[in-house]
Structure formats: C-alpha cells, structure tokens
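Start from the sequences and build out the full structure, keeping to the hints where you can.
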Amino acid sequence: MAYQTLERDNNTLLAWLLAQEIPLNLVAPPQVTPTPDLTVALLTEALDFSGLDASCPPLKPQSSPQAEGLASLGEPERPAALETFPLSSAEMEKLRELVLIAERQRIAKLEAQVSQLQRQLDSDDSEEMIASFKPVIAEIIAARVRESQDDVAEALYPVIGKSVRRAVAQAIRDLARGVDAAMRRSLYPQPVRKLMQRMRGIDAEDAALRDLLPFQVHEIFLIHQESGLLIHHLSAVGTLSDADLIGGMLSAIRSYVQESFAPGTEGTLEEIRYGDLRIMMVEGSIASLAVVLQGTEPAGFQSLLLEQVSTLHNACGRDLRAFDGNPLSASTILPFLKPLLEV
Amino acid sequence: MIQRKVCLVGDFAVGKTSLFSRFVYNRFSESYMTTIGVRLQRKVMLVEGQELTLILWDTEGGQDSTAVKRTYLGGAGGAIVVCDLTRESSIRHWPDYIQLLRQINPTILLTLAANKVDLLSPTHPHRTLAQQIAQEAKIPLIFTSANTGEQVENLFQTLAKELLRAEVFH
Ligand SMILES: Nc1nc2c(ncn2[C@@H]2O[C@H](COP(=O)(O)OP(=O)(O)O)[C@@H](O)[C@H]2O)c(=O)[nH]1
Ligand SMILES: [Mg+2]
Chain A
1 MAYQTLERDN NTLLAWLLAQ EIPLNLVAPP QVTPTPDLTV ALLTEALDFS GLDASCPPLK
61 PQSSPQAEGL ASLGEPERPA ALETFPLSSA EMEKLRELVL IAERQRIAKL EAQVSQLQRQ
121 LDSDDSEEMI ASFKPVIAEI IAARVRESQD DVAEALYPVI GKSVRRAVAQ AIRDLARGVD
181 AAMRRSLYPQ PVRKLMQRMR GIDAEDAALR DLLPFQVHEI FLIHQESGLL IHHLSAVGTL
241 SDADLIGGML SAIRSYVQES FAPGTEGTLE EIRYGDLRIM MVEGSIASLA VVLQGTEPAG
301 FQSLLLEQVS TLHNACGRDL RAFDGNPLSA STILPFLKPL LEV
Chain X
1 MIQRKVCLVG DFAVGKTSLF SRFVYNRFSE SYMTTIGVRL QRKVMLVEGQ ELTLILWDTE
61 GGQDSTAVKR TYLGGAGGAI VVCDLTRESS IRHWPDYIQL LRQINPTILL TLAANKVDLL
121 SPTHPHRTLA QQIAQEAKIP LIFTSANTGE QVENLFQTLA KELLRAEVFH
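Chains A and X, in that order, are what the protein sequence lines are.
As numbered in this note's numbering, residues 1 to 343 make up the first sequence, in order.
As numbered in this note's numbering, residues 1 to 170 make up the second sequence, in order.
Honestly, the hints are just simulated from the structure, not real lab data.
It is possible that some hints are incorrect.
The following residues of chain A were derived to be distant from chain X, with all beta-carbon distances above 10 angstroms [unchecked claim]:
(1) I101
(2) A112
(3) E259
(4) E270
(5) A299
(6) V309
(7) P327
Now the in silico label distances, taken between C-beta atoms and shown as ranges [claimed, not checked]:
(8) A:E271 / X:Q132: 48 to 54 angstroms
(9) X:A13 / A:E128: 55 to 61 angstroms
(10) X:M1 / A:A167: 40 to 46 angstroms
(11) A:E307 / X:E167: 30 to 36 angstroms
(12) A:A167 / X:G149: 51 to 57 angstroms
(13) A:N314 / X:T107: 24 to 30 angstroms
All residues carry an ideal CB built from backbone N, CA and C; glycine is no exception.
As structure tokens, this is what we get:
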C-alpha cells in the first residue's frame, strides 16, 4: 500500500516535493520546522493516496529481499528522483490544490485588499485622506504638548524666541521713530519737548517710554577709508583684541557688496546689523566713522555722526590726508570722538 | 604703533594663503573658505628694533591679474607678488601684477615670492626666469616654500624693512 511505501521512503517523497517546487513551509505549520518525517505525516493525513496506488512503484525498498535481489542482478540503482514517481498532471494539480488551498485563498484575499488600498492612494481624494488623519495627528500633538510642556517649549524657543525678540525690538524702534518724527527733533530740552508733545497730541505714555528706551554706544572706530587702517578707537566696554582689523574688514565688506550687487554705483554701506547690535557707518572724504551700538538710537544720531565727521575733516584734514599708518596724535583726534560715546 | 597694509597677490593656487598662514600662524595649511574673497590678519613684527604691525590682506587670485579686486589693493603700503615656480605662466604674469599695483599706488613697495621652491630641482630654468623678471623690475626676490617654511619669515622681513626704510625718507 502506498502508505507503507511512503513510510518506507520518506526521503524520496521529499525529493519529489522539492522537484515540484512545493515549498515545505507551506506544508508544515509555520511554527514547526519541516522535517521529512513531519512532512510525510502531514501529507498522509491530508491526502487520500488510494488512487495513486497503482502508479506509485515501490521505490528503493529499504529491506525487501526482492529488491536486494534486483540490485544484485546488476540493474543500476535508480536515483530517488522525480521520474521514479510518475503522477499525471491532473493528479499533480490535485495534490497542489490540496496542499496549497489555504494559502491560495489567503493570498487572493490579500491581493484584493492591497489593490483596494492602492486605489485609495491613487485616487485624487488626498484631501479626504488628510481630513481623516488630521484629528488623529492633532490629538497626538495636543497630548504630547500637555504631557511635556517644558520639552516642547525648549524645542521651540530657539526659533520663536529669536523672532519674537527681533519683532519686539523692531516694534520699539518703529514706535521711537514715530514719536521722534512727530516731534521732529528730540534733542530739545526736556520742558520744550513736553510742551511739543502736548501740542502735537503725542500720547504722554508713548513719549515717556521713548525717553526710557535703552541705547548705548559700545565702540567707535575712526577708519582710514582707502586702506581700512585704524586711525583711532574708543571703547565703552573695554579693550577689543581685533580693533585694528575691523576697519579692514568693514572696507572689504563694503567693496564686496558694492562690486557684487551695485557695480558702478557710488553707494555706501550704512549699517550692519547683528541681533540687536548694529554697526552704523558714515563716510568722510578721507576717514570714516564706524559706531557699534545697541538699542534704539536717539533721533538725529546719524546726522550727529555726519556732522562730527565733517567737523573732524575740517579741523584735522591735513593730518588725515597724510595718514599712512603712522599714529596720529590722540589729543588731536579724540576730542571729536569722545562726545559720541556719551550720547 | 606703526601699521602698514600689505597685500598678497598672484595667480590662483600659487600659495598666497599658504604663505599667509605659515607666516601668521606658523602652520602650513589651513582649510577655510573666504566668501568675500579676502582674508585679513595682523602680524606684529620687530624690524631692526622697531615695532611694525602688518595688516595682511590675503586676496583671492584668479587666472591672471585681471581677476584681482582692485578695491582690495587700495591704500596698501606694500605687496607680495607670489608665483608658483612649477607653473611658468604664474611667473610670466608677475609684470602684470606689478603694473596693476603701481597703477593703484605709485609708491607701493613690492617683494617677489617665488614659491614652492621645494618642488624644483636646483638647476631648473624657472629659477632663472624668475630672477630675470625680478632684475628687470628691480624688485627683491625671495625663493620660498610655504610647505617647509623656508625663507617665509625672511620674505616678510624683507618687505617690512623696505617699509620702514621708506619711513626714514618720509
Ligand atoms: N609643495 C608645495 N606646495 C605648496 C606650497 N605653497 C602652497 N602649496 C600648495 O599649493 C596649493 C595652493 O595653495 P594656496 O595657498 O591655497 O594658494 P593660493 O590660491 O595662492 O592662496 C595648496 O594645495 C598648497 O598646499 C609650497 O611652498 N610647496
Ligand atoms: Mg588663497
């Protein structure tokens, strides 16, 4: 009986299954490693081999004396391969069907699901998809923010903090400019300004705020225009190690900006801003002033710089023209710079 | 404090930046990019007992002298014109740089740096070529190597002396 044949020759059946490319892990339950014995056990359980009996020759009988006799007759031992296990194609199909039916059904079901999903993805209805995801994601974010407010704040601070500060600084400057413009000049003595404020209808609180805005001049550089060499330097904060390079750097930046963005024009670089630090520059014919300041400058500060530069050129023009890198006496130059530090 | 602006000029990749950083930092090569085409550094020197601050401008070179940003050269008291001894064209471009510098400042003091001497055999004809041009232009010539450091200090000392000597005649 076939059952016995199979039992006797498990390896032959396994070879046949392999030749048919029937994956063994589909035959055995996935959590069990398929061994030849197990495979056969499962197969014999599932299949009715009675119909195969006639066409299934006794293969390589292991202990039959007849077979030994056959072998001793000099007939070459046939390899345990497919041709020794002839099945009609219909039978083979039936076998396949039986072995694979569960998997085939599962695959068909999955295919249907995948193509359904694919259709959903391909459709133009991404709006709908977003709409259906939105509440979920919003819920997740909200929960996360609730759970760890500090973390979120810390993560956002570098981005938001900076722009808020910049916006506030700009708003304050705008306010100050607005008040200053309305008053035309804020360099009038205090009582006069009070009066003007009232006459022009400027809000007293705005005006008071304007007077309180912090402003400080940190550094003043007098720079030889052509060479960028430093003529003199005054600092409110202490010594600056690279003071003698700043003039060169500013003049290099000015040349660069001019040649790159405005070739052939006679513009000047008036201001460089870094956070709420600014470098304000005014040019004279030989020397220029660069002032590092923080906060909101009083109205008319730039004109004051221009005035001072021209006064300096009038008073020390000859010295400035002769400047070639040799120091100019501090006593001639500094009186023109000092007042600017005290504005 | 006496200061002088000194520019380094010359074709692309002749070794201007290498000489600059060898002299200022005593290091051969330093990788950096200058977006505005110039790098500035100060070096305080003692020349014959006199202190002198050089404000060095390492400009970006191009194919030839036409690529130099003229505004970077303004007000320079001195300049070092560099060539790469292994590239003949960079030596032959020397007169163009000299002319350009003198056009901007007729009294500018110059020194020629024939660089990458470490790559040249002692009898290489490019040495003679460099010497000829230097002699015709009557400008001091120093054979340097930013790689080994050979003659780099001397190069800047030579120019610094010229700058201070001119000071005496002032
Ligand atoms: N062998 C050798 N290589 C050098 C010397 N000076 C510069 N170099 C190399 O030449 C290349 C260009 O140098 P760099 O200083 O950037 O030239 P620059 O464009 O004139 O500033 C770099 O790869 C340097 O390492 C030198 O004296 N000897
Ligand atoms: Mg360079």
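Index of numbered hints that the structure contradicts, given in increasing order:
Of the numbered hints, 3, 7 do not hold.
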